[in-house]
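Protein chains: 2
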Amino acid sequence: MKKDLESQQLALRLWRQLYRTYTLLKQCEDQVIEEYELTTEQYAVLVSISYLGEPSRITDIARWLERSTNSISMIIDRMVKGGLVKRARDKRDRRVVYVSKTSKAESLLGPANIAMFGRMLEILSPIPDKDRLTLLNLLREVGYGTMKCVKPGVDIEKAKRDEAKQAAGIAKWLSEYSKPFAPRTKHQGGEKGKTGKKTR
Amino acid sequence: MKKDLESQQLALRLWRQLYRTYTLLKQCEDQVIEEYELTTEQYAVLVSISYLGEPSRITDIARWLERSTNSISMIIDRMVKGGLVKRARDKRDRRVVYVSKTSKAESLLGPANIAMFGRMLEILSPIPDKDRLTLLNLLREVGYGTMKCVKPGVDIEKAKRDEAKQAAGIAKWLSEYSKPFAPRTKHQGGEKGKTGKKTR
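In order, the protein sequence lines correspond to chains G and D.
All letters in the first sequence, in the order written, are residues 16 to 215 by the numbering used here.
All letters in the second sequence, in the order written, are residues 16 to 215 by the numbering used here.
Source of the hints: derived by calculation from the structure; they are not laboratory data.
Be aware that a few hints might be false.
You can't tell identical chains apart in this list, so a pair holds if it fits in one copy or across any two.
[Said to hold, decoys possible] Computed cross-link-like contacts, EDC-like style, restricted to lysine to aspartate or glutamate with a CA-CA straight-line distance of at most 20 Å:
| # | residue 1 | residue 2 |
| --- | --- | --- |
| 1 | Lys41 | Glu56 |
| 2 | Lys41 | Glu69 |
| 3 | Lys166 | Glu50 |
| 4 | Lys145 | Glu69 |
| 5 | Lys101 | Glu44 |
| 6 | Lys180 | Glu50 |
| 7 | Lys119 | Asp105 |
| 8 | Lys163 | Glu49 |
| 9 | Lys175 | Asp75 |
| 10 | Lys119 | Glu52 |
| 11 | Lys163 | Asp105 |
| 12 | Lys41 | Glu81 |
| 13 | Lys96 | Glu178 |
| 14 | Lys180 | Glu52 |
| 15 | Lys166 | Asp45 |
| 16 | Lys96 | Glu81 |
| 17 | Lys166 | Glu44 |
| 18 | Lys180 | Asp75 |
| 19 | Lys96 | Glu44 |
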């Protein structure tokens with residue numbers, strides 16, 4: 016019984032820490048991104064388009080961001096007005112909406128990515144690759160468990176295949192972006208000035 | 016160079032997985048909590064008040080939830096109107112606002128906690144305690160790194176002490192609530208019907 020209580024305590028602390036870590040990461044992202052005339056939501060949409068390739072379907076962006084198509088459509092409405100993305104309908108199937116980045120968005124996204132990625136490497140720098148992998152895999156486990164709760168009957172094996180594809184997409188995206196990140200590959204300071212506007 | 020690229024890929028995948036896992040957990044929480052006439056934000060405020068003890072200061076609730084005092088004040092305004100919390104000012108220092116739960120909130124919070132905690136144990140059930148602890152500690156590492164970025168000059172040692180206090184608060188809270196959770200302590204199904212309204 017005592018052991019069960021300890022196990023439950025651990026579960027609660029873990030739950031809270033997941034919330035806490037995410038909230039902190041979100042604050043960090045907000046801090047970095049607000050310097051580039053973008054909201055973090057808009058930034059996330061632009062990053063998804065980069066990963067997915069242009070033009071991207073709104074449904075794919077929504078899936079990539081684990082959000083509803085409706086909420087992504089609303090964000091994209093504002094981004095069209097703000098001159099960040101262009102929207103086009105599929106000629107054969109008018110229900111399908113494609114989105115691509117404008118040159119204005121491209122010019123903001125480049126430096127924003129460098130700053131964001133630099134910050135991310137800085138935050139993760141004390142964590143060796145071995146532990147990063149452990150953390151990734153444990154988070155995936157929690158993710159699968161949650162998926163089963165949120166969408167009963169979900170095909171976890173398909174989700175795993177999708178993730179593998181996404182990992183390949185990330186690798187491709189990174190190899191294109193890797194040049195500007197090169198100075199930071201030691202995961203340490205000393206080159207901070209090159210990775211973002213505001214370098215603390 | 017190749018190794019650096021791999022390490023960066025891992026960092027990016029980890030970053031994405033943190034976002035993804037949190038988004039899924041949030042969806043799960045929304046699903047569970049919406050059955051109790053509460054939003055997840057309101058639920059989080061009520062849980063904080065339980066942890067912190069009544070009456071709680073708005074500033075302490077905000078700190079517990081890693082949110083700004085302003086945003087918590089706004090949530091609490093709506094909760095006062097909805098009859099979920101009562102607000103009182105400190106007699107000696109009128110700037111300090113205390114909040115306590117109404118009996119309506121208490122009657123919703125009890126079953127909501129049981130359902131939420133049951134769901135949480137279900138999600139974490141495939142993860143043994145040893146791995147839960149590893150995950151908790153790695154998430155804390157990421158949290159500290161992020162804290163340093165978000166609030167330069169932050170006292171990490173103080174944050175660690177605060178966390179230890181919070182863990183003690185969680186243990187105390189759980190020992191009070193542990194009776195209704197007892198049937199689920201094996202972290203497995205079979206007793207699902209007792210832990211919430213909707214048992215998927």
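For each hint, the structure was consulted:
1. Within a single copy, Lys41 and Glu56 get their C-alpha atoms as close as 11 Å, and across copies as close as 16 Å, so both meet the 20 Å cut-off.
2. In the homo-oligomer, the alpha carbons of Lys41 and Glu69 never lie at most 20 Å apart, since the shortest distance is 26 Å inside one protomer and 29 Å across protomers.
3. In this assembly of identical chains, Lys166 and Glu50 lie within 20 Å of each other by CA distance solely across copies; the values are 16 Å between and 37 Å within a copy.
4. Taking the shortest alpha-carbon separations for Lys145 and Glu69, neither the intra-copy value of 34 Å nor the inter-copy value of 43 Å comes in at or below 20 Å.
5. In this assembly of identical chains, the alpha carbons of Lys101 and Glu44 never lie at most 20 Å apart, being 25 Å within a copy and 34 Å across copies at closest.
6. When the C-alpha separation of Lys180 and Glu50 is checked against a cutoff of 20 Å, the pair qualifies neither within a copy, at 32 Å, nor between copies, at 36 Å.
7. In this assembly of identical chains, the alpha carbons of Lys119 and Asp105 never lie at most 20 Å apart, being 24 Å within a copy and 52 Å across copies at closest.
8. For a Cα distance limit of 20 Å, the shortest separation of Lys163 from Glu49 across copies, 18 Å, qualifies, whereas the shortest one inside one copy, 35 Å, does not.
9. For the identical chains of this complex, Lys175 and Asp75 are intra-copy neighbours only, at 17 Å inside a copy versus 40 Å across copies, given an alpha-carbon limit of 20 Å.
10. For the identical chains of this complex, Lys119 and Glu52 are intra-copy neighbours only, at 11 Å inside a copy versus 44 Å across copies, given an alpha-carbon limit of 20 Å.
11. With identical chains, the CA atoms of Lys163 and Asp105 are never at most 20 Å apart, being 33 Å at best within one copy and 46 Å at best between copies.
12. Taking the shortest alpha-carbon separations for Lys41 and Glu81, both the intra-copy value of 16 Å and the inter-copy value of 11 Å come in at or below 20 Å.
13. Within a single copy, Lys96 and Glu178 get their C-alpha atoms no closer than 32 Å, and across copies no closer than 44 Å, so neither meets the 20 Å cut-off.
14. In the homo-oligomer, the alpha carbons of Lys180 and Glu52 never lie at most 20 Å apart, since the shortest distance is 31 Å inside one protomer and 39 Å across protomers.
15. Taking identical chains as interchangeable, the C-alpha atoms of Lys166 and Asp45 lie at most 20 Å apart only when they sit on different chains, with a minimum of 13 Å there against 30 Å within one chain.
16. Taking the shortest alpha-carbon separations for Lys96 and Glu81, neither the intra-copy value of 24 Å nor the inter-copy value of 33 Å comes in at or below 20 Å.
17. In this assembly of identical chains, the alpha carbons of Lys166 and Glu44 lie at most 20 Å apart only when taken from different copies (13 Å versus 28 Å within one copy).
18. Taking the shortest Cα distances, Lys180 and Asp75 sit within 20 Å of each other inside one copy (13 Å), while across copies they are farther apart (43 Å).
19. Within a single copy, Lys96 and Glu44 get their C-alpha atoms no closer than 23 Å, and across copies no closer than 33 Å, so neither meets the 20 Å cut-off.
Hint compliance for this structure: hints 2, 4, 5, 6, 7, 11, 13, 14, 16 and 19 are not met, and every other hint is.
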